[in-house]
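These are the residues of each chain, in order.
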Amino acid sequence: MDLTLKVWRQPNGSTKGKMEDYQVSGIDGDMSFLEMMDILNEQLIEKGEDPVAFDHDCREGICGMCSMQINGEPHGPEKATTTCQLHMRKFKNGDTIYIEPFRANGFPVVKDLAVDRSSFDRIIQAGGYISVNTSGNTLDGNAIPVEKKNADMAFNAATCIGCGACVAACPNASAMLFTSAKVSQLALLPQGRVEASKRVQNMVHQMDLEGFGNCSNVGACAEECPKEISLENIARMNREYLSASISSE
Amino acid sequence: MSSQSGIFNSSIGRKIAMALSALFLIIFLIQHFTINVTSTFSPETFNSWSHFMGTNPLVQFVLQPVLLFGVTLHFVLGFILTARNRGARDVKYVRYNGNAHSSWMSRNMIWSGLFILFFLGFHFYDFWIPEINYKYIERLPADETRYYHEVQEMFHNPVRVVIYVLSFIFLSLHLLHGFQSSFQSMGARNPKYFPAIEKFGKLYSILIPAGFIFIALFHYINSL
Ligand code: SF4
Ligand code: FES
Chain L
20 MDLTLKVWRQ PNGSTKGKME DYQVSGIDGD MSFLEMMDIL NEQLIEKGED
70 PVAFDHDCRE GICGMCSMQI NGEPHGPEKA TTTCQLHMRK FKNGDTIYIE
120 PFRANGFPVV KDLAVDRSSF DRIIQAGGYI SVNTSGNTLD GNAIPVEKKN
170 ADMAFNAATC IGCGACVAAC PNASAMLFTS AKVSQLALLP QGRVEASKRV
220 QNMVHQMDLE GFGNCSNVGA CAEECPKEIS LENIARMNRE YLSASISSE
Chain E
273 MSSQSGIFNS SIGRKIAMAL SALFLIIFLI QHFTINVTST FSPETFNSWS
323 HFMGTNPLVQ FVLQPVLLFG VTLHFVLGFI LTARNRGARD VKYVRYNGNA
373 HSSWMSRNMI WSGLFILFFL GFHFYDFWIP EINYKYIERL PADETRYYHE
423 VQEMFHNPVR VVIYVLSFIF LSLHLLHGFQ SSFQSMGARN PKYFPAIEKF
473 GKLYSILIPA GFIFIALFHY INSL
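These protein sequences, in sequence, are chains L and E.
Position 51 of the first sequence, counted from 1, bears residue number 70 in our numbering, the numbering being contiguous throughout.
Position 51 of the second sequence, counted from 1, bears residue number 323 in our numbering, the numbering being contiguous throughout.
The shape of chain L in the complex, shown without the other chains (with noise of 0.2 Å):
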């Protein structure tokens, strides 16, 4: 397969960035996009420049690092899947493919298609745990019974990576999808209701002061999560969030 790539190029976050394009072939079906982005650092450096600067670490779908907006879309055109799990069967012989680093002011530019996804950190210090004391006589959390669809509920929202697709796809770059897993997965367990209140209302602070958008409920954030995340998460967080500011002395 030979592909034409249109990639971002910004040497670091101070400098403005522009599209540049590159030509790579011998691309076979099988390989996955970050492999395929080997290939065209492999051209880059023989001819002695600049390799194109991405994310990735785990490269088997579970880290959530391999950040890239792919023909419009975050992790590219396949439903629940990220970068590094994406073929090059998905495209075409001759096919011309933007690549762009996710976009937002809550992820600024490292380089190139490096993006500094450190906000999230930011947000999950802000409450995304819960207190417990490991004295030595920390009590087995299985011990404590929890529903089942609960259980369930908790679990799915806690497979979210904090990959940023979320932010990247939505058009307000908005990052309640996100947020709102991570409030989600411990206020449905008995453990994580005891700090529910505190927790909600930091996160979602924290979660303003990194300067991500609205949600307006345009749903493109659930519809490109890798994990599949559900925005039942997010009308979860609005009423956590509702009740918390009610009834907070």
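Possibly wrong hints are sitting among the right ones.
[To be verified] Pair by pair, the computed Cβ-Cβ distance ranges are:
1. E:359 to L:150: 18 to 24 Å
2. E:371 to L:165: 37 to 43 Å
3. L:166 to E:375: 41 to 47 Å
4. E:289 to L:76: 37 to 43 Å
5. L:169 to E:389: 41 to 47 Å
6. L:108 to E:339: 56 to 62 Å
7. L:34 to E:371: 28 to 34 Å
8. L:171 to E:367: 33 to 39 Å
Hints in this document: simulated from the structure, not taken from any laboratory.
Heads up, the beta-carbon is just placed ideally off N, CA and C, and yes, glycines get one too.
Take the given structure of chain L and dock chain E with the ligands to it, following the hints.
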């Protein structure tokens, strides 16, 4: 833990205010439609209901200001939200395939909203300002039978009819996203009942604007 700002300074607070004003306007539309539609089959009912709405002090001095407040809050918040959301992504995508993951209506609420706002201005100029003038400025004698004729006169003009019809099409587009969206914002979403809300929302968003279009066309055709 860090301190929090007040609820209406937060993204979720604004979202809830948007949804509450929307739900209020959705209910208002039903009431407005119910009165208007009587003009197509019973001019007397239309006249008496209009007279009631136009002279009842509770409607005039409580409901009307609340309505004005609701409308204003809704569009001012809409502008604020849009400006903030545009500002959350300074460098735009070279390619953004919105249709792959969301409806045109949901991404263009500001445009359908602006058209409706323009329509509201026009509609005020058409009906509301003359009403206020009639009742409170010139203080003309109450006439319980004038309303039906006023409507007939208004819809004699094809340009006005076209503007009304277009506006209701935009209203329908706005509601197709807005109806279910306001429930989602209030946190009312779960797999059991949300499909029913969506279905009802679709029906409402098509039938109510279609009904208003019918009323405008009915009076226009009658005037030919
Ligand atoms: S909600 Fe989905 S898209 Fe957003 S960060 Fe989590 S896994 Fe990624
Ligand atoms: S590299 Fe880990 S999810 Fe793609």
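Hints versus structure:
1. E:359 to L:150: 18 to 24 Å: Given about 36 Å between the Cβ atoms, the range is violated.
2. E:371 to L:165: 37 to 43 Å: holds (40 Å)
3. L:166 to E:375: 41 to 47 Å: violated (35 Å)
4. E:289 to L:76: 37 to 43 Å: holds (41 Å)
5. L:169 to E:389: 41 to 47 Å: holds (44 Å)
6. L:108 to E:339: 56 to 62 Å: holds (57 Å)
7. L:34 to E:371: 28 to 34 Å: holds (32 Å)
8. L:171 to E:367: 33 to 39 Å: holds (37 Å)
Checked against the numbered hints above, the structure violates hints 1 and 3; every other hint is satisfied.
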